[in-house]
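Enquirer: Residue numbers for the sequence shown, in mature numbering (1 follows the signal peptide of the UniProt record, and there is no 0): -19 to -1, 1 to 515.
A portion of the hints provided could be inaccurate.
[What the hints assert, rightly or not] EDC-like mimics (lysine to aspartate or glutamate), calculated; alpha carbons at most 16 Å apart, straight line: (1) Lys140 / Glu156; (2) Lys140 / Glu46; (3) Lys422 / Asp453; (4) Lys140 / Asp129; (5) Lys98 / Asp78; (6) Lys12 / Glu284; (7) Lys37 / Glu67; (8) Lys90 / Asp27; (9) Lys327 / Glu284; (10) Lys215 / Glu457.
[As the list claims (entries may be wrong)] The calculated label-pair distances, taken between Cβ atoms and stated as ranges, are: (11) Asp129 / Arg168: 48 to 56 Å; (12) Gly427 / Lys90: 32 to 40 Å; (13) Asn164 / Gly448: 43 to 51 Å; (14) Gly448 / Arg491: 38 to 46 Å; (15) Gln223 / His16: 53 to 61 Å.
Hints were generated in silico from the structure; no laboratory data involved.
Quick caveat: nothing in here was measured; it's all calculated off a predicted structure.
Just so it is clear, CB atoms sit at the ideal spot from N, CA and C, and this is done for glycine as well.
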Amino acid sequence: MKKICTTLWLQFFVVIIVAKRIPTTLDGPFKPLTHRFDPLLHKGSDDLPMDHPRLKRNVISFFPEQIALALSTTSSLMWISWITGEAQIGLNVTPHDPKTVASEVWYGKESGKYTMKQNGVSVVYSQLYPFEGLWNYTSGIIHHVKIDGLEPETKYYYKCGDSSLVAMSDELAFETFPLPAPNKYPRRIAVVGDLGLTSNTTTTIDHLIMNDPSMILMVGDLTYANQYLTTGGKGASCYSCQFPDAPIRETFQPRWDGWGRFMEPLISRVPMMVIEGNHEIEPQAAGLIFQSYLTRYSVPSKESGSNSNLYYSFNAGGIHFIMLGAYVDYNQTSAQYSWLQHDLEKVDRGVTPWLVAAWHSPWYNSYSSHYQEFECMRQEMEEMLYTYRVDIVFSGHVHAYERMNRVYNYTLDPCGPVYITVGDGGNIEKVDADHADDPGKCPSPGDNIPEFGGVCHMNFSSGPAKGKFCWDRQPEWSAYRESSFGHGILEMVNSTHALWTWHRNQDIYRENSHGDQLYIVRQPHTCSVDSKTG
C-alpha cells in the first residue's frame, strides 16, 4: 500500500510540474512582486587583476587580439574588429602609426578555404590628462573591417590580421542572421548591462555562454575603467569616496584591453551590439569624451542614417532594434530626436513586427539608486516611442533587475512597452538593494543628478502616489524586482510572442532554474500604429 501511495504521489507531482504555465503579458498587469536581496549572497566583489589569465595579453608582435563581431543593418554585412600591437601608458606616450599594419579579413564557407578577402581601416586613440602626475595612454592599432556579400543563415569561417606580416589570427567562425521577415528571428538574444570585470562578471558571462546566445545586446557600462586612477592600483566601488582629491574622473585604460580579451572568446563568434553608458564618458584633455567607446567598437551608425556612433539602429531577422544615446542631446530639437523620428517612420511592421529599443539609463525605476534620474529624457521621447508602438525597452544603470507592467506616462497601459532593467552584470559598484518606497529610502529631489542633460524630478500628478515624489509601496507599474546579478535571454517565438527569461547568477549550476520568466505578447490589431492614442 505504501509503495502504491508513493507512486501516485510522484505521478501527481509530475503532473503539477508539467502543468506549470509560463505567464504572459496578457495576464497582466501583474501584482507588484519584490524579491529582496538574499543576505547569504555578497553584494559585490573586487575586480580581477590585470595579470589574470582571462585579462592578460597572450599574443606577440602584431598578431590580432580582442577580436569582436558586430552586425550591420542587414545580414549580408558583418563588422569585424581587433587590435594589434601593445598599448602604451605613462607620463609620455607616442601613438602607433596605424598605417604600419594592414587590416585584412579572409573568409569563406568552408573551414580552411578563404575564397573572399576584405580590407578595412585602422585607427588609434589616446587618453590624455592635462594634470601633473597623471599618466597618459595610447592604444594599440584598432582595426575595423566590414565584410559583405554574406548569405543569410550561413556559417562562415574567417581569419583577420596582416598577411604580409604573417600575423593572422587562428580560424574563427560565425553564423549570419536571417533576412528581415515576420517569421525569421535570431535563435537567442542575450541582454546584459553594467558588466565590469569582477568575479561576479565571470559568473555572469560563464552563465551567459552556457545559454548559447546568437547575439548579445550590451546596454552600456562595459569596463568600469573609470573606477581607477590613471596609475592603476586597486579599483574603487565608490570613486568619489576613495579618490576625493582627483582633479578629473580618471581612468586606467588598460582595463579596456583586459575587457576586450576577457570577452573575445564569446564576441569573436557572436556579434555584440553596444550602446554607451555613463562609465564610457571618460573626460580628458581638450574636452574630449567617449574616445575609448567610439574608437574600439563598430556599430552601423552611418548605415542606419545616424551621424553619431552614440545612437543607431539595425535589423536582426524580424526585429528592428533602436539603440538610443542617453548621454547625447535627446531634446525634441536635437539631431538624435530627428533621426529617431525618421527611423521609426521607415519601419515596416509587416517585415519586422518586433520593435525593440535600448539605452543605458532607465525611465521607469523604483530603486533608490538613479531614481527619476532620466526623467527629462522620458518627457522628451516617451510619446514618440509609444506612438510607434515600441514593444520592449532594455536599460541598465541600476545594478539590479526590474521588469515593469506595460506602462505609458506612469499609467498602466496595455499598449505601452514592457520596460526591463538589467544593470546587474556584476560590476565593482555592487548590487543595488534599496527601494525608493522603503521607509527612509526615498531620495531627495536634489539627489540623482544625471551626468548629462537636465533635472526634471517631479511629484506624481495622479494615482496612489499623487502629490508625492516616491510611492509608499512598490509602484503599480513595477511588476517584478530583485537585487541579484545576472543576465537575460530573449527568444522570439513568432511575430506576436517572445519568451523572456532572467537568469540569476546563483542559478548557474541549478538545472532549469531561473528568476523572472514570461511571454511578452504583441497585440498588433489592438495596439496598431494606426490606432495610436498617444
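Enquirer: Each hint needs a verdict: does it hold in this structure or not?
Expert: These are the hints, each one checked on the structure:
1. Pair hint lysine 140 plus glutamate 156 holds up; C-alpha atoms about 15 Å apart against a cutoff of 16 Å.
2. For a cut-off of 16 Å, the pair hint linking lysine 140 to glutamate 46 stands: about 12 Å separates their Cα positions.
3. The hinted pair formed by lysine 422 and aspartate 453 meets the criterion: a straight-line CA distance of about 10 Å does not exceed 16 Å.
4. Straight-line distance between C-alpha atoms of lysine 140 and aspartate 129 comes to about 15 Å, which keeps the hinted pair within the 16 Å bound.
5. For the hint linking lysine 98 to aspartate 78, the alpha-carbon distance of about 23 Å lies beyond 16 Å, and the restraint is violated.
6. The suggested pairing of lysine 12 with glutamate 284 is violated, with an alpha-carbon distance near 42 Å, which exceeds 16 Å.
7. Note on lysine 37 and glutamate 67: the hinted pairing holds, with a Cα-Cα distance of about 12 Å set against a maximum of 16 Å.
8. Straight-line distance between C-alpha atoms of lysine 90 and aspartate 27 comes to about 43 Å, which puts the hinted pair past the 16 Å bound.
9. Of the pairs offered as hints, the one joining lysine 327 and glutamate 284 holds, with about 14 Å between alpha carbons and a cut-off of 16 Å not exceeded.
10. With a C-alpha separation of about 41 Å, the suggested pair lysine 215 and glutamate 457 falls outside the 16 Å cut-off, and the hint is violated.
11. A hinted range of 48 to 56 Å is violated for the C-beta pair aspartate 129 and arginine 168, which are about 23 Å apart.
12. Checked against the hint of 32 to 40 Å, the C-beta distance between glycine 427 and lysine 90 comes to roughly 59 Å, which is inconsistent with it.
13. About 49 Å separates the C-beta atoms of asparagine 164 and glycine 448, a value consistent with the hinted range of 43 to 51 Å.
14. Against the hinted window of 38 to 46 Å, the Cβ-Cβ separation of glycine 448 and arginine 491 comes to about 45 Å, which satisfies the hint.
15. For the pair glutamine 223 and histidine 16, the beta carbons lie near 31 Å from each other, so the given range of 53 to 61 Å is not met.
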